[in-house]
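Chemist: Now for the letters of each chain:
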Amino acid sequence: MTLALIVLLPFLGSLCAACLPASARNAEAWLAGIVATGCAALAASLFPEIAAGHVVRLSIPWLPQAGLELYLRMDGYAWLFTLLVSVMGALVVLYARYYMSPRDPVPRFFSFLMAFMGSMLGIVLSGNLIQLVVFWELTSITSFMLIAYWYHRPEARHGARMAAIVTGGGGLSLLLAVLMLGQIVGSYSLDDVLAAGDLIRAHRWYPAMLVLLAAAVLTKSAQFPFHFWLPHAMAAPTPVSAYLHSATMVKAGVFLLARLWPALAGTELWFWLICGGGAASLLLGAASATFQRDMKAVLAYSTVSHLGLITMLLGMNSELALIAAVFHMMNHATFKASLFMATGIVDHETGTRDLSRLSGLRHAMPLTATVAFVAAGAMAGVPLLNGFLSKEMFFTESLQAGGTGGLGIALPALAGLAGVFSVAYSLRFIHQVFFGPPATALPRTPREPTRGMLLPSALLVLGCLLIGMLPERTVGGALAIAAHALLGDRLPDYRLAIWHGFTASLLMSFVALAGGTALYVVLYVRGRALRRTPLISRLSGKRGFDVLNVTIFRGARRFVRTAFSQRLQVQLLLIVGAAAVAALLPLWRGGLAFGDAPLTPLDPTFAMLWLAGAICAVGAAVQAKFHRLMALIMVGCVGLVTSLTFAWFSAPDLALTQLTVEVITTVLILLGLRWLPRRIQFQEPLRHTLRARLRRSRDAAFAIAIGVGMAALAFAMLTRPGASRLGPFFLQNALEPAGGRNVVNVILVDFRAFDTLGEITVVGIVALVVYALLRRFRPAAESIDVPRAQREGLIGGGAHADPRALLPEGDLKIPAVLGRLLLPLAALVSVYFLLRGHDAPGGGFVGGLILATAMIVQYMVGGALWVESRLRIHPQVWIALGLLAAVAAGLAAWFAARPFLTAQVLELHAPLIGTVHLSSVLLFDLGVYLLVVGAALLMLVALAHQSLRSPRRELPGAVDGAAL
Amino acid sequence: MNLWLQHLPILPIVVPLTAGAALLLLPESHRAARLTLAVISMLVQFAAAAGLLYLTSDATSQAWPADTAVYRIGGWPPPFGIVLVVDRLAAIMVALSATIALSVLVYSIARWDRPGQPFHALLQFLAMGLNGAFLTGDLFNLFVFFEVLLAASYGLVLRGAGTVRVRAGLHYIAVNLAASLLFLTGVALIYGVTGTLNMADLTVHAGLLSGPARILFDTGAAILGVAFLVKAASWPLNFWLPDTYSAAIEPVAAVFVMLTKVGIYALLRLGTLLSLNEAAASTLQTALFGIGLATLAAGMNGMLGAQRLVRLISHSVIVSTGILLAAFGLGIEALTAPALFYLITSALASGIFFMLAGMTARMRPHDTQHARPVAMPSPPYVAYGIREPDAYDTGDEVGVAIPAPMAFLGLVFVCCVLLVTGLPPLPGFVAKFMLLSTALNAAPGAISTWLLIASVIAAGLAGLVALTRMGSGIFWAVTERATPRLRLLEAAPVAALVIFCFALAAHPGPVMNYLESAARSLHEPQTYIRAILPEKTGSDRPGTPAP
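Protein chains in written order, with our numbering: chain S, 1 to 964; chain U, 1 to 547.
What the hints contain is simulated information worked out from the structure, not anything from laboratory work.
One should not assume that every hint holds.
[Claimed, not checked] To give an idea of the chain S side of the interface with chain U (calculated C-beta under 8 angstroms), a few residues:
1. Ala-66
2. Gly-168
3. Gly-672
4. Phe-751
5. Val-762
6. Arg-870
7. Arg-872
8. Val-887
9. Leu-901
10. Val-905
11. His-909
[Said to hold, decoys possible] A partial selection of chain U residues facing chain S, derived with a Cβ cut-off under 8 angstroms:
12. Leu-122
13. Ala-178
14. Leu-216
15. Gly-225
16. Met-406
17. Phe-408
18. Ile-457
19. Leu-489
Yeah, the Cβ is synthetic: ideal placement off N, Cα and C, and Gly gets one too.
Please model the complete structure; the sequences and the hints are all you need to start from.
Modeler: Dropping the structure here:
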C-alpha cells in the first residue's frame, strides 16, 4: 500500500495543483513540498524491510489477457532511487518557490512537476516492463510540458518538441525491445526477466533487442548520437533543468541499464554498444562543455559527459564498474543539481548567463560563489569531494576493462582526456563567473539571493562534502543495499574510501587535474571568446535533426501531392480499376465459363429495340459534356427501352415502375438544366495535345473493357441454371399465407418489407438533401434571366405568372385547362393503383409517382406561385407521414407479440359495406405512397423556387420555403 | 424472455427512424421540443445498445442461445425473410456508434444546428443506417442500410456553405455511388450463384459450390470487397476522405469516423463468413495485409504533410484503417480481439479529436473562413539553426497564464495526441501493445509480423512528430488570441469521452474479455449459422470453413 501511495501521491498533488488559482505561489509550493517530502518519508519508512534484503511488492490486476498487472516492486536499488527522486524533488520545489517570478502562473508548473515526479517514481518502482514503458513515456510527456513552460519563446517550443520527439521515439524503441524481451522470457515481469539472463543472452533476438534497448536508453540519457536534445532542453526554467535534466529524468536511461544489467550484460555486443556510446558521449560532451558561452549549456554538455561516464561504466561488464556507476549516479545528481541551482541564482540576480559578460561575482555574492565553487570541484573530481571518489573508481575500471590490447590503452587514455576537459570546463565555469574584476554593464546589479533560494543548493553541497570525506559512514550503507539488490550473490568485495594508496588511478586523477588546469590557462590566454568547439562543432545533432525534420515534412507533402489526387476522375478510374483487378483475380485462376442454358431465339423487333437503346446509351455518354439536353433525351430513351424490355419479358410491375420513374426523373432533370451554367468553353489547342488524346483513348479503352467484362459476367450468370431458392418460396407463400396475388408487391411490402422501409428512407433523405442543397444554390449569372420565350410573351405562365389570374395567357392556356382537369383523375388513378397493388400490377410506389407526375404538370403549366397560392402542399410532411405510416404498420405486429413488420389482418364487419379486409400491409404501402409523393414534390419545389428567388425585383412577398 | 425485450434488436433501427420522421414534422420554431426528441432518441438507442451488450455478454448466458439473438423481421423464417442478428461484434459496433452519435448530438446542440437544415433528422437517419448495417444478417439488407447511411451522410457533408465544401461533397457522392454500384454488382453475382441473401445461408451454400459457380462467386465476393475497401478508406481508394472530412463541419466529421468502421466491419463479418477454403482465405489475407500497409504508409505521410488540423485527423483515420486491415491481413485469429480494441479506441480518438478541432478552430487570432487553410509557421523558420539561443536571460521570465477554456482544450489535445499515437497512459497504448505483443506471440518469426510492428511504431512516431508540430502551432505560436467561449454542452461530451478513455485504459480487462468472446464466436461461423438456421446443424456440409 505504501508503494501505491508513493506513486499516487504526486499525481493527486498534480491534480490539486492544477485547480489552484494562478497566484497561489506559496500554496503551490507548500503542496508540492509536502508531497515530495511525503514520498521521501514513505520511502524511508520502508527502510527496515529493504535493509533486511526483502523486496516490497504490490500488484493490482490490470490486463489479465496479456498476463499484465500493475506491479510495484521495491528492492534496495529502487529504494535508493525513490529516495533520490523525492528528496531532490523537495529541494527543487523549495528552490522553485523563490526562483519563479511572483507573476508567473505557477499552478501549471507545479502540476506538471509533480506529475513528472510521479512518473519518475513509477519508472523506478515498476515491477513489469510494460508498466515501465508507460511511465517512461509519461516522463517524456511531462518533460515536454515543462520544457515548453515558457512557450511564448520559440526556442522553448523548439527544444520541447525536439526532446519529445527524440525521447518519445526512444520510448517506442523501448516498447519494441520490451516486447521482444517479453517474448524471449515469456513474461514481462522484472523478476522473471532478471532470472532469465542466460536464456536472453543466448537468444537469436538478443542483438536486435539490445540495439533497440540501447537506442531507448541512449536517447533518454542524452547519449551520443542522440545527445543534442539536452542542450536545447535548457530553455526550460532552471528548476526543471536541475531536476529533470541533471538529477532524475536523464538518469532514467542509465537506471534501466543498471536495472537490467544482471540479465543483459556480459556480452561483446553489450560492451561495444553501451561502453562505446558512453565513451563517445563522455569525450564529446566534455570537449563541447569547455567551449560553451551559456552557463546552462556548459552544464548540459557536462551532464552528457557525466552520463557518458556512467554509461561507459555500465558497459564494462564488471560488477565493480556497476557499483561505481550507481555511486556516480548519486554523486552526479548532488553536485550537478546544486550547480544548476547556482546558475539559476546567477541568472536570477544578474539577468544573464553569458560567461563572456559575467565576471567577479564573488564580491557581490560570496555565499553563492562558495557553494558553486565546491560543487564545481566535485564535478572536476577534486579530492575530498564526492566526485573524486566515483571518478577514481571509474579510472580504475577503465584501466582494467580494456584488457591488454590496444583497447587497454585507448580506454584509459580516453578517460584521462575526458578528465582533463572536465577539469578545464569546471575551472572555466568558476573562474569566469566568480573571479576576475567585477563585471560592469550587467542587466541587473548582482547581490546575494534570499536564504531560501540558496538553501537547497547549500544542502546539496554539504552532501558533496560529507560523502566525499566520509563515504562509508554516509552512503556506504545505502549503496551496499542497492548493489546487493542488483547483484545478489555476485556482489564483489569493494571498499568506499578516500585513500586506496598510490595507484594508477590516483595518478590519472592528478594528471587530469594538472592537465585540465593547463588547458584552461592556454585557452584563457588565447582569449576568452572561444566560441566554437574545435573539430566537432560542425557535427551538430540539432542541425541534422532540423534538416531531417524539414526533409520529412517536405517529402511527406510531396508524397501526398502525388499519392492523393484531388481529381474525381482519377479516383473513379482507380476504383473501377481496382474492381476490375479484383474481379479478374479469380477469373484468371479459373477462367470464365458460360453456362449451357438454352438461348431464347432472338426476335428481330427486340434486337432493333436494343440496338436503339444501345445507340442512345453511347450517344448520351458522348454528348454528356457537350450537349446536356441531347444527352438527357437519349438517357430518357434508354430508360424507355429498359421499361419496354421489362414489359416484353412479362414483368408489368417493373415496366410500370420504370416508366413512371423515368418520367419523373427526366422532367426533374430537365427543370434543373435551366439553372446550370453554360458549358465550359474548351480551349481548342488543349483538347488536341498528345497528352489529352492519350488520356481520352485510355479512358475510352478502359470503359469499353469494363463494359465488355460486365456483359460477359452477366452472360455467364444468365446462361447458368437458376439457383434461386427464394423465388419458389415467394411464389408458394404469396397467396397463402401472405395474401396477395401480385408476388412482386408481396415481396416489397411483406417478405422483404424491411428493405423497402430502408429504401423509402433513402428516397426521403435524398429529397431532403436536394432541397437543402438547392435552397442555398445561387444560379450562374447567365442563367438568371427569364427565358426569352416568357419574356417576349410567347408563353404565359411560368414562375412569375400572375397568381390571381384564372388561366395563364398565351400558348399555355389550353394545356393548363387540360392539366387541371387531369389532376383529380390522376389522383383517383393513383389511389386505385395503390389499393390494387397487392393483387395486380401497381402498388404504393407506382401510385405515388402517378400523383407526383400530375402535380408536376400543375407546376409546369401554372407556375409555382399560381399553384402554391391555391394548393398548399407540404412535401416534408408527406415524407414524414409516409415514414411514420410504414413504421406504424411494422409496429402493429408488436401488439400481437409478433416481430416487427409481421403482416396483421383486421376483419371489420361494417353495416352496409359488408366485410372490410384491412391489412397492416396496406398501411405500409400507403406509407410508401405518401413518401414517394412527398419526395418527388420536394425536389420539384426545390427547383421551382429557384426562379422565384433569383430575380427578386417584381415579386410580391417571397415565397421562399413557403411550401414547407 | 420478456415479451417486449424480444424486440430489443430492432429498437436501434426503428427508434431513430421514427424520431427522424417526427423531427420533420416539428416546425423549426419548436427548437426545445426538437432537441428533446433527438436527445431522447439517441438515449434510447444508447440504452438499447447497452442492453444488447449486456444480453450478449457472458454474464447472461441464458438470454439467447449461444449469446446470439436472431430477430426474424416480418415473421418469415430465414433464409427467406430478413433477419437481424445480434452477436457480440454487432453489439459492440452498435454501442460504439451510439456512444459517438450521442456525444456528437449533444456537442452539436451548442452551436452547430443552425436552422434551415434538416441536421437532426439526418443525424438520426445516419444512426439508423449505421445500426442497421451492424445488425442485419442479410446481404441485400446490408446494401440498403449502406444506402441509408450514405444518403444521410451526403446531406450532412453538404451542410453549410462554400465552394470547397460543395465540391468535396459532390466528389464524395460520386465516389460512393460508384462504390454502391460495385456493391450491388457483387451482391447480384453472389445471389445469382448461391440463390440466397441470408449471410448464414450464404456461408452454407457457398461451401457447396465448385467449378465455374465457385469462380463466379469469388468474382462477386472480390468486387464486394473492393466496395468495402472504398468505404473503409484504404489506399488508393481513399482520396475522397481527407477532402470530405476536412470540408465537413467538425461534429459531422466526428460521426463520419464510424463510416470507415462500417467498411471494416463488413470486411470482417463477410471475410470470416465467406473465406471458405484455405487458398481463398490466404489470398484475401495477403491482399488485405498489403493494402493495409500501403494505407498506413499513405496516411502516415498524410499526417506529416497536413497543414490543417482537420486534415491531419482525417489522415489519422486512414492510418487506423491501415492498421486494422494489416492486422486482419496477418491471418492470426488471436489478433482479432486486440484489433477490435484498437478499432474502438481509434474511433473514439478520432471522434474526440474532430470535436476538439471544432472548438480550437474558434481560437484563431482572426476568425478565418472555415475552409481556408491556415498558414503554419513554415519549417525553415524553426530549422537550420537560424535562431540560435543567444539571449541567455531568463531570470525575469514570466510565463503566459492560460485561461481555463484554453487549458481544457490543451489538455484534451494532449489526450488526443496520446490516443492517436498510441502513447500511454491512454487506451491507444493498450491497444497497440496488445496488437504487437499478440502478433509477436503468434508468429514470432514471420516477416509480416515484423513489417506490421515496424509500420505501427513508425506511424506512432510520425503522428507524434506531426502532432507536436501542429499543437505547438495552434496553442503556442500565437499568444495573443481570443480565448474561445466554450459552452458546457460542447465541452461535456468531449470530457465524458476522454474520461471514458481513461477508464478504458485503467480497466481494459472486462472489455478485452468481451472482445475475446466476440472474436471467438466470429471465428466460429458454425455457431453463427446454427443460431440463424437451427435446422441446418452443419453436419451436412462438406468441410468446415477455414477461419
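Chemist: All hints, please: hold or fail.
Modeler: Verification of the hints:
Interface restraint check for Ala-66/S: the shortest CB-CB distance to chain U comes to about 6 angstroms, inside 8 angstroms, so the restraint holds. Below 8 angstroms, beta-carbon pairs count as interface contacts, and Gly-168/S has one with chain U at about 5 angstroms; its hint therefore holds. At about 14 angstroms, the closest approach between the beta carbon of Gly-672/S and any beta carbon in chain U exceeds 8 angstroms, and the interface hint on this residue is violated. Taken as an interface hint, Phe-751/S checks out: its beta carbon lies about 6 angstroms from the nearest beta carbon of chain U, inside 8 angstroms.
Using the Cβ-Cβ criterion of 8 angstroms, the hint placing Val-762/S at the interface with chain U is satisfied: the shortest such distance is roughly 5 angstroms. About 22 angstroms separates the beta-carbon of Arg-870/S from the nearest beta-carbon of chain U, more than 8 angstroms, and the hint is not met. With 8 angstroms as the threshold, the beta carbon of Arg-872/S stays out of range of chain U, its nearest partner Cβ sitting at about 14 angstroms, so the hint is violated. Given hint, Val-887/S at the interface with chain U, holds; its Cβ is 5 angstroms from that chain's nearest Cβ, closer than 8 angstroms.
With a cut of 8 angstroms, the hint placing Leu-901/S at the interface with chain U holds, because the nearest CB-to-CB distance is about 4 angstroms. Interface hint at Val-905/S: violated, since its Cβ lies 13 angstroms from the closest Cβ of chain U, which is beyond the 8 angstroms cut-off. For the restraint placing His-909/S at the interface with chain U, the shortest Cβ-Cβ distance is roughly 26 angstroms, beyond the 8 angstroms limit, so the hint is violated. Because the beta carbon of Leu-122/U sits about 7 angstroms from the nearest beta carbon in chain S, less than 8 angstroms, this interface hint is met.
With a cut of 8 angstroms, the hint placing Ala-178/U at the interface with chain S holds, because the nearest CB-to-CB distance is about 5 angstroms. Restraint check, Leu-216/U versus chain S: the minimum CB separation of about 6 angstroms is within 8 angstroms; hint holds. Taking 8 angstroms as the C-beta cut-off, the interface hint given for Gly-225/U holds, the closest approach to chain S being about 6 angstroms. Interface restraint check for Met-406/U: the shortest CB-CB distance to chain S comes to about 11 angstroms, outside 8 angstroms, so the restraint is violated.
Taking 8 angstroms as the C-beta contact cut-off toward chain S, the hint placing Phe-408/U at the interface is violated, the least distance being around 11 angstroms. Hint on Ile-457/U holds. Least Cβ distance to chain S is approximately 5 angstroms, under the 8 angstroms limit. For Leu-489/U, the interface hint is violated, since its Cβ never comes within 8 angstroms of a Cβ in chain S; the closest pair sits about 23 angstroms apart.
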